[in-house]
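K.L.:
In case you want the letters, here they are:
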Amino acid sequence: MGKRVNLTGIAVLVFFLLLGVLISIRLTGLGSHFPNPIGGTMQRVLSPIEQPILQLGNGIKENFRAIWNFREVQVQNEALLKKVDQLTGDNLKLKEEVLAGMRYNELDQGQFRSPTLAKFEKVGASVINRNPTTWYRTLTLNRGSMDGVAPNDPVIGDLGLVGKIVSVSPTTSEVLLILDGEGQVSALVRGSTGNSTFGIVQGNYTRGSRLTSEGNLQMLFRREDGVNPGDLVLTSGIGGVYPKDIPIGQVKEIQLDPSGLLKTAYIQPLINFDALEEAYIVKQAGGK
Amino acid sequence: MRYVLIAGMFLLSLILPGTLFHFWSWSGIKPDLLMLLTIYIAMHHRLLGSAIWGLGAGLFEDFYLGRNVGMYTLTLVVVAILSNWLAERWYRENFLLTTFMVFLVTAVGQILVSFLSLGAGLHWSLSDIGRLVIGVSLYNAILVPLTYPWIHQSFVRGWLRYRPRYER
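Protein chains in written order, with our numbering: chain A, 1 to 288; chain B, 1 to 168.
Hints are not guaranteed to be accurate.
To give a feel for the contact side, a few chain A residues facing chain B, derived at Cβ under 8 Å [claimed, not checked]:
| no. | residue |
| --- | --- |
| 1 | Ser24 |
| 2 | Ile25 |
| 3 | Leu30 |
| 4 | Asn36 |
| 5 | Ile49 |
| 6 | Ile53 |
| 7 | Leu56 |
| 8 | Trp135 |
| 9 | Ser167 |
| 10 | Gly181 |
| 11 | Asp257 |
| 12 | Gly260 |
| 13 | Leu261 |
Computed footprint of chain B on chain A; a stretch qualifies when at least three of its residues, placed anywhere within it, have a C-beta under 8 Å from a C-beta of chain B [what the hints assert, rightly or not]:
| no. | stretch |
| --- | --- |
| 14 | 13-23 |
| 15 | 41-48 |
| 16 | 58-65 |
Far from chain A by the CB rule (all over 12 Å, computed), these chain B residues [claimed, not checked]:
| no. | residue |
| --- | --- |
| 17 | Leu5 |
| 18 | Ile6 |
| 19 | Leu48 |
| 20 | Ile52 |
| 21 | Leu82 |
| 22 | Phe95 |
| 23 | Phe100 |
| 24 | Phe103 |
| 25 | Leu104 |
| 26 | Tyr148 |
| 27 | Trp150 |
| 28 | His152 |
| 29 | Gly158 |
| 30 | Trp159 |
| 31 | Tyr162 |
In short, the hints are calculated from the structure, not lab data. All of these numbers come straight from a predicted model, not from anything done at the bench. The beta-carbon is built from N, C-alpha and C at its ideal position, and this holds for glycine as well.
Please build the complete structure, drawing on both the sequences and the hints.
P.N.:
What follows is the structure, given as structure tokens:
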């Protein structure tokens with residue numbers, strides 16, 4: 001006589017196990033602050049290994065770039081040779097462009113040294129890992145709760161805003177990039193005339209461009225709002241997470257909605273997220 | 001030795017997608033190495049053993065990522081059971097079949113992850129989910145010819161071979 005299998009019992013057990021897993025997934029979602037000592041220990045052990053591997057990958061990419069993109073490099077080379085000829089014969093224009101570039105850098109640095117940012121303590125951190133799964137746009141930094149980093153602390157790069165901390169282990173922290181659609185930033189667009197227009201910057205990594213490596217940002221405006229390509233986008237300081245006046249990007253393109261009532265501004269981030277190696281974490285006294 | 005090797009491979013599977021494969025990603029798509037490893041392990045174990053390895057790998061990944069605990073646990077258990085079920089029916093040493101199986105099982109696993117993510121509040125369009133599921137599955141399938149021969153040999157004759165207690 002074989003053992004009798006209690007199918008109802010198994011079904012009930014499976015149902016409750018599934019229910020438990022679903023509740024656990026929901027309760028420990030992005031931004032929740034559940035204690036994770038096992039994960040913390042794993043991050044602490046693995047973080048010294050991750051950085052050399054990331055550097056190795058970067059080195060391989062840099063060294064093999066010309067081979068992978070041979071045709072592209074060749075085309076670029078031809079285009080550059082033509083450009084050199086053109087620029088050699090147009091010295092004045094070159095000087096003007098250099099001066100304009102210098103002014104732009106000064107503007108950027110001026111915005112970056114915002115008085116609202118200066119009052120916070122900042123801690124420098126290196127990128128040791130980048131979005132381990134494809135589902136979110138995140139970075140792992142080599143600073144954690146032992147350095148005073150807390151969830152919701154803003155993270156800034158050399159030219160502007162990178163994102164905010166979403167989870168912290170004793171020695172590492174995870175940054176949700178502003179490119180990810182899950183992270184929104186209250187922002188203002190400063191036009192050439194000095195007037196400001198408020199809005200929400202949202203990463204469109206959840207939308208059509210999710211699968212591009214660059215990602216992009218966008219803002220919605222009313223049709224009559226005076227926003228133009230080239231305008232600078234800065235944090236507004238409203239919302240309690242990001243300090244005021246941190247540069248986010250520059251309006252690249254504006255498209256009118258089919259309804260004609262709204263328009264979408266596409267924003268080119270100032271930060272090159274793929275090349276980001278160091279960042280500052282702005283400590284906001286335990287986050288808000 | 002076997003368990004140390006598997007633990008090492010688990011660790012590498014967690015670290016490499018975010019580091020080395022970040023530079024070899026296609027339009028942001030990277031392979032899911034832990035899922036690939038779970039499939040390989042499940043193909044070389046019995047049903048219960050596969051499920052337990054899947055459970056361990058899933059918990060490992062969930063705690064490493066530190067969010068949505070249970071998502072990868074559930075997914076990798078399902079992936080392990082499905083892989084084992086398919087491996088029992090399909091000839092394990094046929095690399096083409098194995099490649100197709102990895103593609104199929106990864107797709108099922110990624111679909112499960114996407115639906116659990118949607119349940120956890122992630123906002124994604126169906127077309128993006130489709131592209132991502134197919135992309136990750138293809139990437140995993142492409143890695144099969146490069147990785148499976150070594151892993152399979154090791155499971156059958158090498159260091160990853162299970163040795164009963166009386167044989168040790």
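K.L.:
Can you give the numbers of the hints that this structure goes against, from lowest to highest?
P.N.:
Violated hints (numbers, rising): 11, 12, 13; every other hint is consistent with the structure.
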